[in-house]
Structure formats: structure tokens, C-alpha cells
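Take these sequences, add in the hints, and give me the full structure.
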Amino acid sequence: MEKFLSIPVLDAGGTLNQNQLVSITGIKTIGQPTTTTASINYLDGEVTTLTWPTAYASPKLKIDVQNAVVSALKAGWTTVTASYLPKGATVSSYSGLVVNPLSTIAIA
Amino acid sequence: MISKMEKFINLKQLDVVKTGTSTADGSAALTLTDSGALFQQSVLVNAIVWDRTTNASGGGHMYLVTAVTSNTELALLAIGGAPRGGGVPSGVSYFIYMPEYTVASGGVTDGVQASGTFQLIDTAKNFSALGVKIGDTAKDITSDVLTTVLGITTTTNPNDTLTVSADTFLAGDTYIIYREGANDFDSLIRSSDVSFVENTGSNTNNSELKITYQDKSASQTFVTYAFSSSAVADEDMRNGVQTAVVASQQTPWPNVTYEFPGVMNTIVASGNVNNGWLAGQNFFILRVAEATL
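Chains as they are written, first to last, in the working numbering: chain A, 1 to 108; chain B, 1 to 293.
Calculated from the structure, these hints are not laboratory results. Keep in mind it's a predicted model, so treat the numbers as computed, not measured. There's no promise every hint is true.
[Unchecked claim] Computed cross-link-like contacts, SDA-like style, restricted to lysine to any residue with a CA-CA straight-line distance of at most 20 angstroms:
#1 B/4 to B/250
#2 B/210 to B/10
#3 B/4 to A/42
#4 B/18 to B/53
#5 B/210 to B/289
#6 A/74 to B/5
#7 B/4 to A/81
#8 B/4 to A/25
#9 A/87 to A/97
#10 B/18 to A/35
#11 A/87 to B/185
#12 A/60 to B/289
#13 A/60 to B/104
#14 B/139 to B/103
#15 B/210 to A/43
#16 A/60 to B/130
#17 A/74 to B/254
#18 A/3 to B/254
#19 A/74 to B/4
#20 A/60 to B/18
See the structure below:
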């Protein structure tokens, strides 16, 4: 079964954000290389790096992502995408927009 | 359709509570010296020190803290399989872990308790924000007195004062606040698609496991652990992880994670050194990584 986290990330314009899907199938481990990044390490050696706009001491980001992944994998099979509001991000009650989304999501 | 479930083992990984670089040669004295460390405010006996630089290809050297000698020096006991170290040389990066206690705060008091109260005052701290809890132990290191935290109040700055159970803290006393229980966190490693679990061959002191997935050398996870006995060629941790891999696969959905139950070191014998602390039978996870040390 394929599963994804749907994560708000800053768009190319640099002011608004949109959601991007990140696979949570085939994860080996989740790490926190720096105070602003969490890494999702896959079986094939690929790594997705999530970058936060604010620093958090290790292992806070790692645990935040781990919890989101486990929660999504526990959901029923029809829940292919699970919304993940990254640590520190909030949803504005006024505009409905996500405040403090991830800065970038990159895979390498 | 064949569908494979994603499964993980949840390891309790010890957090790195302190890092630094040694400033004097303790390699013949079983000591770690760091002139800027403030060890008394952050480290307790039975902490684990890992020198990853010396004997790096073999897994480094690990030690137990047997005494916090001063703010700048720790007395050590070499642990794990051979070759064990003789102390931390000068100029070496070190990492410290706390397997028995969690330190919430530490410092030097700078206030005088109000009349009729027993207080610890440090106006530079917000004890609530630091996670200090009622019931924590507040040790007056200067007077060598243990007290219990009974409440958090404000003297000058928000939440800068602890009400404690004994009259001991004077302005200028060094203190440390801690509670029982390891300073650790949940660390998931994949238990699906495992091909092989083995002790890393290059790791001569038997402190690292290599988990290979899908029979690919490019798809591996490495787990570093400490154990207190000096038993040679100890493979109990490998056996424990293997058992956990099987057990996690046997649990039904939606149990995505399997709590690693811990491992007992079965080959500790009276002839092994370092079998006094926790009977030499406990293992502690220090590192989970995508590459060997």
C-alpha cells in the first residue's frame, strides 16, 4: 500500500504555501541531521529532507515526523494521504492559511 | 494482491546531554577533563561517556562516570568489549548520555530565600520552561544536600524560584535538578524487509549492529550501543534485535511499531570486569544512523 504525508511548504513565490506529498512507504529510519532539518531515509538510499524555518533542538523534529508517520500508517488503507502540520506551523483562524510552513522539501 | 505492511521497532535511544572537547590528557588516568564543561551542573554518576575519536575505526571508547570530581573533570571506568580505553586524551570530542537520570536544569543560585521558606533562586532561569517538575530532586552540590522540589514561584523573573524541602541553598551555591529515569527518546528502525542482522565487522569492541535490508549493502542501518561488562564477542544485542524483528512481524495491524523490550547480557561472568554496575547486564542505545561510525 502506498501512503503519503501531505505537508504544507513555502511555494516558489516565497510568501504563500501549498501542500506537497511525501511518501512514507519504504522508510528505513527518520533522523534529525541539524536543528532545522529532518531526514526521511528510504530503503533505496534516497533521502527526503524537510527544512523548518525555525530551529528545534534534536530530537524534536525527528520525533514529530516519526509520530506523523506512525499515525498515518495506522490509518485505514483508504486514507492514502494524511495531513501533517509540521512542528511550529499553525493554521490561521482568520485566513485559513498555514503560518510557518516548511521552508523546503527536497529529495536526493 | 500481495501487500506488505510497514513495520518498525521502537528503540529507546539515549539523548546526547552534553558534548565538548577534552582539554587535558586523561588517557592514563581514566579521566575526562574539559576546562569549560560545568560537569557538576549537568552530569551525574553512571553517565556514559563516548569518545568517538580514539579507536574510531573500532567503535571508539566508552566509559561510565564513577565520580563527578569537579566542574571540569570526570572520573571514568572503561566499559564494553576490548580494546577498552584508559581515559580520554586531550583535544578529543566527547558525547555524554544519561541512562539512569534525566537532568532538567543546573546552575548557580543568585538569590536569598524569603524568610520562613526553603527556596532555590536562580534569576537567570525559568524553571517551568525548562521542564522542572514537582517531585524532582534538587541537589545542593556546594553543601552536598538533596532536597525535593515542592513548587515553582517567582522572585525577580518569571518562575525563577523553586520551593524545596530543606533549608540548604545560599546565594552562590552550585545545584543540579534531576529525576529518575533515562534521558531517552523514541527512535524507529524498520523491521520489514530485513535481510540480515550482524555485529559490524570493523567494530572490534562489539558496540555496533548492522541491519541490512533487501539484501543490499547500500540499504543498511547502524545501531550503536553501550554495555557495561567486558565480555568478549557479546552478541546478545544482535540476538535481541533479531527477536524483535520477528516479534514485530507477528503483531497484527494497526500495530505499526513494536516496543523493543531491552536485552539482558547473558554471558556476564564473575571473571568479567565492570560487572558491578547494573550487574553488567544492561545495554543502552546511543546512536541510530545510516552509516557506520
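Verification of the hints:
{"no.": "1", "hint": "B/4 to B/250", "result": "holds (13 angstroms)"}
{"no.": "2", "hint": "B/210 to B/10", "result": "holds (16 angstroms)"}
{"no.": "3", "hint": "B/4 to A/42", "result": "holds (15 angstroms)"}
{"no.": "4", "hint": "B/18 to B/53", "result": "holds (16 angstroms)"}
{"no.": "5", "hint": "B/210 to B/289", "result": "holds (10 angstroms)"}
{"no.": "6", "hint": "A/74 to B/5", "result": "holds (10 angstroms)"}
{"no.": "7", "hint": "B/4 to A/81", "result": "holds (18 angstroms)"}
{"no.": "8", "hint": "B/4 to A/25", "result": "holds (10 angstroms)"}
{"no.": "9", "hint": "A/87 to A/97", "result": "holds (16 angstroms)"}
{"no.": "10", "hint": "B/18 to A/35", "result": "holds (16 angstroms)"}
{"no.": "11", "hint": "A/87 to B/185", "result": "holds (17 angstroms)"}
{"no.": "12", "hint": "A/60 to B/289", "result": "holds (17 angstroms)"}
{"no.": "13", "hint": "A/60 to B/104", "result": "holds (16 angstroms)"}
{"no.": "14", "hint": "B/139 to B/103", "result": "holds (11 angstroms)"}
{"no.": "15", "hint": "B/210 to A/43", "result": "holds (14 angstroms)"}
{"no.": "16", "hint": "A/60 to B/130", "result": "holds (15 angstroms)"}
{"no.": "17", "hint": "A/74 to B/254", "result": "holds (5 angstroms)"}
{"no.": "18", "hint": "A/3 to B/254", "result": "holds (14 angstroms)"}
{"no.": "19", "hint": "A/74 to B/4", "result": "holds (14 angstroms)"}
{"no.": "20", "hint": "A/60 to B/18", "result": "holds (16 angstroms)"}
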